[in-house]
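So you can see what is in the structure, the chains are spelled out below.
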Amino acid sequence: MTSGAHPQVTVATGGAGGPEKELLRFLTCGSVDDGKSTLIGRLLYDTRLIPEDQLDALARDSRKHGTTGEELDLALLVDGLQAEREQGITIDVAYRFFSTPRRAFIVADTPGHEQYTRNMATGASNSQAAVILIDARKGVLTQTRRHSYICSLLGIKHVVLAVNKIDLVDYSGERFHHIVGDYLGFARALEFSSITPIALSARYGDNVIHRSERMRWYEGPTLIEHLEALDVTEGLDEKPFRFPVQWVNRPNLDFRGFSGTVVSGVVRAGDRVVVAESGRESTVARIVTADGDLTEARPGDAVTLTLTDEVDVARGDVLAHAHDRPEVVDQFAAQVLWMIEEPMLPGRSYLMRIGSRFVPARITSLKHKTDVNTLEHMAAKTLALNEIGFCNLGTASPVAFDPYGENRGTGAFVLIDRFTHQTAAAGMISFGLRRATNIHRQALLIDKSARTRLHGHRPAILWFTGLSGSGKSTIANILERELHALGAHTYMLDGDNVRHGLNRDLGFTDADRVENIRRVGEVARLFVDAGAIVLCSFISPFRAERRMVRELVEDGEFIEIFVDTPLEECKRRDPKGLYARALAGKIKHFTGIDSPYEVPEGAEIVLETGLAPEQAARRVLDALRERRVIG
Amino acid sequence: MSTSTVLRARLSPHLRRLEAESIGILREVAAEFHNPVMLYSIGKDSGVMLHLALKAFYPSKPPFPLLHIDTGWKFRDMIRHRDQIVKHYGVRLLVHTNPEGLARGINPLSSGSRLHTQVMKTEALKQALDKWGFDAAFGGARRDEEKSRAKERIFSFRGTGHVWDPRNQRPELWSLYNTKISQGETIRVFPLSNWTELDIWQYTRAEDIPVVPLYFAAPRPVLERDGQLIMRDDERMPLQPGEIERIRMVRFRSLGCYPLSAAIDSTAATLDDIIAEMLVMRTSERSGRLIDTDEAASMEKKKRDGYF
Chain A
1 MTSGAHPQVT VATGGAGGPE KELLRFLTCG SVDDGKSTLI GRLLYDTRLI PEDQLDALAR
61 DSRKHGTTGE ELDLALLVDG LQAEREQGIT IDVAYRFFST PRRAFIVADT PGHEQYTRNM
121 ATGASNSQAA VILIDARKGV LTQTRRHSYI CSLLGIKHVV LAVNKIDLVD YSGERFHHIV
181 GDYLGFARAL EFSSITPIAL SARYGDNVIH RSERMRWYEG PTLIEHLEAL DVTEGLDEKP
241 FRFPVQWVNR PNLDFRGFSG TVVSGVVRAG DRVVVAESGR ESTVARIVTA DGDLTEARPG
301 DAVTLTLTDE VDVARGDVLA HAHDRPEVVD QFAAQVLWMI EEPMLPGRSY LMRIGSRFVP
361 ARITSLKHKT DVNTLEHMAA KTLALNEIGF CNLGTASPVA FDPYGENRGT GAFVLIDRFT
421 HQTAAAGMIS FGLRRATNIH RQALLIDKSA RTRLHGHRPA ILWFTGLSGS GKSTIANILE
481 RELHALGAHT YMLDGDNVRH GLNRDLGFTD ADRVENIRRV GEVARLFVDA GAIVLCSFIS
541 PFRAERRMVR ELVEDGEFIE IFVDTPLEEC KRRDPKGLYA RALAGKIKHF TGIDSPYEVP
601 EGAEIVLETG LAPEQAARRV LDALRERRVI G
Chain V
632 MSTSTVLRAR LSPHLRRLEA ESIGILREVA AEFHNPVMLY SIGKDSGVML HLALKAFYPS
692 KPPFPLLHID TGWKFRDMIR HRDQIVKHYG VRLLVHTNPE GLARGINPLS SGSRLHTQVM
752 KTEALKQALD KWGFDAAFGG ARRDEEKSRA KERIFSFRGT GHVWDPRNQR PELWSLYNTK
812 ISQGETIRVF PLSNWTELDI WQYTRAEDIP VVPLYFAAPR PVLERDGQLI MRDDERMPLQ
872 PGEIERIRMV RFRSLGCYPL SAAIDSTAAT LDDIIAEMLV MRTSERSGRL IDTDEAASME
932 KKKRDGYF
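Note that the protein sequences, when read in sequence, are chains A and V. Using this note's numbering, the letters of the first sequence map in sequence onto residues 1 to 631. Using this note's numbering, the letters of the second sequence map in sequence onto residues 632 to 939.
In short, the hints are calculated from the structure, not lab data. Positions of the beta carbon are idealized from the N, C-alpha and C atoms, including for glycine. It cannot be assumed that every hint is accurate.
[To be verified] Where chain V lies over chain A, by a calculated footprint (3+ residues, C-beta under 8 Å):
(1) 93-101
(2) 117-128
(3) 131-145
(4) 411-423
(5) 537-546
(6) 614-626
[What the hints assert, rightly or not] In silico lysine-lysine, DSS-like type, Cα no more than 30 Å apart, as pairs:
(7) V/LYS811 with A/LYS381
(8) A/LYS239 with V/LYS686
(9) V/LYS686 with V/LYS718
(10) A/LYS588 with A/LYS381
(11) V/LYS718 with V/LYS692
(12) V/LYS757 with V/LYS811
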């Protein structure tokens with residue numbers, strides 16, 4: 001990270017090696033036709049970063065595949081990934097390195113159209129500036145708006161408007177000013193700190209590294225002059241101190257340190273700090289590094305802090321100054337960019353990574369999605385790949401954060417699919433929802449264990465899952481009768497019955513199925529809290545939802561019972577005539593027909609086909625005795 | 632002058648930033664994985680990576696061992712350097728050689744570089760990872776090294792059998808690495824992704840990191856084969872008719888198996904010389920690595936097979 005307190009100085013580091021360089025990370029946005037590859041190729045070529053062996057290959061390739069006749073086709077320098085594209089491999093972000101005497105650069109190059117939003121966001125997340133390319137012949141296009149919006153969403157503050165192919169409009173100043181006017185008109189809403197229009201020709205090198213002789217009217221900087229001088233300090237030094245604990249450093253009993261990287265602010269030995277999540281306070285004793293103790297640590301410094309007190313601190317906790325703490329909530333609103341094929345379903349549980357903390361999280365509601373081309377808001381129930389929505393999220397335990405607009409490091413998160421472990425979404429927190437902190441749970445005099453003592457058995461959720469017609473409800477009914485006879489307090493939640501009342505407003509889309517199970521899970525939890533044994537009979541086709549319910553209650557209280565009757569047998573039985581109608585196309589989203597059923601992997605009880613319902617119920621009863629749910 | 636000022640003066644802001652980023656990555660793996668390992672290839676990048684690991688966990692020792700995949704054809708100087716380093720830093724080193732490859736007599740001369748690399752490096756590495764059950768392995772690869780590395784993730788996901796599927800990699804946003812894997816899957820981690828060759832040398836100089844003497848120019852006996860300068864490190868490599876060894880002032884930019892690593896003419900005998908040479912050098916770093924060119928789209932294919 002560059003830092004505002006240290007002006008850029010070029011001082012030789014002794015011996016050869018040139019001046020001291022600061023790094024600038026930027027991304028380039030534009031479609032293939034805008035000349036993005038040519039521009040990057042030009043930057044690498046004109047900064048003399050192309051080794052001779054690669055240059056020979058380039059000359060060969062230019063004659064063979066190039067589009068520039070006898071000249072070098074610079075685009076081929078970065079289109080080495082072309083072959084891979086032909087093989088259908090998804091390329092997301094390629095990183096290129098070049099440097100000038102004044103600065104080192106990393107360019108995030110994001111080719112590809114289909115995954116463009118996701119790729120651009122990935123590149124932008126680590127960039128300090130963006131170069132948005134415009135074809136001078138075409139002017140500001142829909143995709144220019146899209147690129148600008150995504151840059152703005154990801155918090156990029158500095159934009160270069162590269163009006164390329166100016167040679168093809170006869171180096172016309174009039175055309176350039178017209179495009180710039182257009183762009184500034186719409187970009188005003190996007191809150192960039194700087195927008196720098198540059199007229200250039202990547203193909204001929206005008207105003208890239210070398211000032212053009214053919215545009216006397218242009219008085220602005222060349223691209224490289226601008227990138228070298230651009231001040232991208234984010235004022236991180238002045239922001240509140242934030243330190244996500246990454247690793248607890250404990251070499252022996254005498255040393256207990258907390259390793260991590262300072263996200264923002266400055267911390268000094270003797271500072272009063274707080275563990276944001278727990279509110280426990282202490283004082284910084286030492287700032288330890290392998291090069292000796294520091295008197296202070298600044299943004300970007302990877303250090304190890306020790307505290308004067310034995311405070312409970314773990315990986316994932318955020319240390320902050322006691323007088324300037326982050327918000328700590330379990331519900332907040334955020335912009336979410338969806339990044340996997342499988343659509344986002346409100347209510348489903350994902351693993352959230354924020355800072356160094358992993359915590360189960362759910363999108364509780366989708367307020368609207370944003371059309372990335374028009375920036376219009378639209379009502380929606382789910383988000384598909386590459387869509388951006390404004391959502392409310394809930395986490396299983398409170399997390400510390402700052403709004404993304406104030407602090408990229410503590411306001412960003414990703415969501416991870418809990419089964420495939422793919423990175424499903426990227427999120428930027430807008431604000432905390434006060435519900436969690438303002439509504440304090442009522443402490444009650446009679447609790448679950450008190451109720452359990454009165455009942456004489458332990459509470460449990462008996463979750464029957466399986467295909468329609470597998471016999472879930474039949475078995476559950478018999479089991480409830482047996483339990484009742486033993487004096488147990490029971491309650492039955494049945495899929496069909498719940499859909500007539502509590503969940504009357506839900507249909508059978510994937511999103512509605514998730515919500516259906518979420519509500520049932522919450523109701524079942526209340527019964528468990530009341531000390532009852534609650535029998536739930538739901539197809540519940542997705543592992544994620546079953547797991548979500550499992551996590552609502554304590555270990556051992558959720559007992560998954562898989563009624564493993566094969567599809568063919570269920571179709572044969574078809575007690576309600578549903579399969580016949582589904583196969584005739586009259587019912588959509590029918591599990592087993594045109595909607596999947598995910599077989600349980602860790603069910604506590606599996607009831608294989610061939611068991612009579614009474615036998616099956618007996619089997620469950622025996623298992624409940626073994627687990628000491630009943631005596 | 633306070634300690635912090637001394638530290639700041641020694642490293643440029645650019646190197647300090649790279650160092651901190653790498654340290655963050657190293658700590659992340661130590662915190663998230665059960666059984667990580669650091670691939671140690673003895674070269675300059677491995678040297679920097681090990682140095683960073685010692686800094687990252689201080690005052691603790693790095694909570695993982697080093698692993699060297701020994702093909703049996705490394706320069707003798709490299710092995711000597713490796714053993715000195717291990718003793719010097721007091722770190723744990725594991726060495727693995729593919730026993731089947733050894734029994735079959737696979738070597739870079741008669742087996743050809745492709746088969747040798749496949750059996751003695753790629754297969755051997757997979758064997759070692761399975762043998763010790765490592766779930767994460769650090770490698771010193773950098774994005775500026777080679778075209779196909781430019782899009783490599785910092786956390787590179789490998790499926791069952793260590794396969795790299797470019798279609799199944801995870802987008803990396805901010806520094807929020809997705810470290811979650813299932814049974815049988817592993818992660819390769821590249822803490823030096825954002826370093827360039829010049830950064831490596833400048834950091835090596837600033838931090839005074841020991842490197843194999845072969846990087847420095849010295850009069851060495853070399854022969855010319857297929858336009859490359861090869862140093863015959865032992866008698867196993869026979870001279871071909873007409874080949875003569877001549878003493879030339881050479882050094883190595885990149886070190887691997889000796890018959891597959893070409894030297895360059897150079898007089899750069901110190902770190903300062905190397906850095907000065909690099910600033911005017913107009914050939915790419917891996918141009919002396921014979922294994923990169925043994926077939927089209929070479930690195931890509933090796934990676935899919937499980938090479939680093």
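Tested hints:
no., hint, verdict
1, 93-101, "holds (count 6)"
2, 117-128, "holds (count 6)"
3, 131-145, "violated (count 0)"
4, 411-423, "holds (count 7)"
5, 537-546, "violated (count 0)"
6, 614-626, "violated (count 0)"
7, V/LYS811 with A/LYS381, "28 Å, holds"
8, A/LYS239 with V/LYS686, "27 Å, holds"
9, V/LYS686 with V/LYS718, "17 Å, holds"
10, A/LYS588 with A/LYS381, "18 Å, holds"
11, V/LYS718 with V/LYS692, "14 Å, holds"
12, V/LYS757 with V/LYS811, "20 Å, holds"
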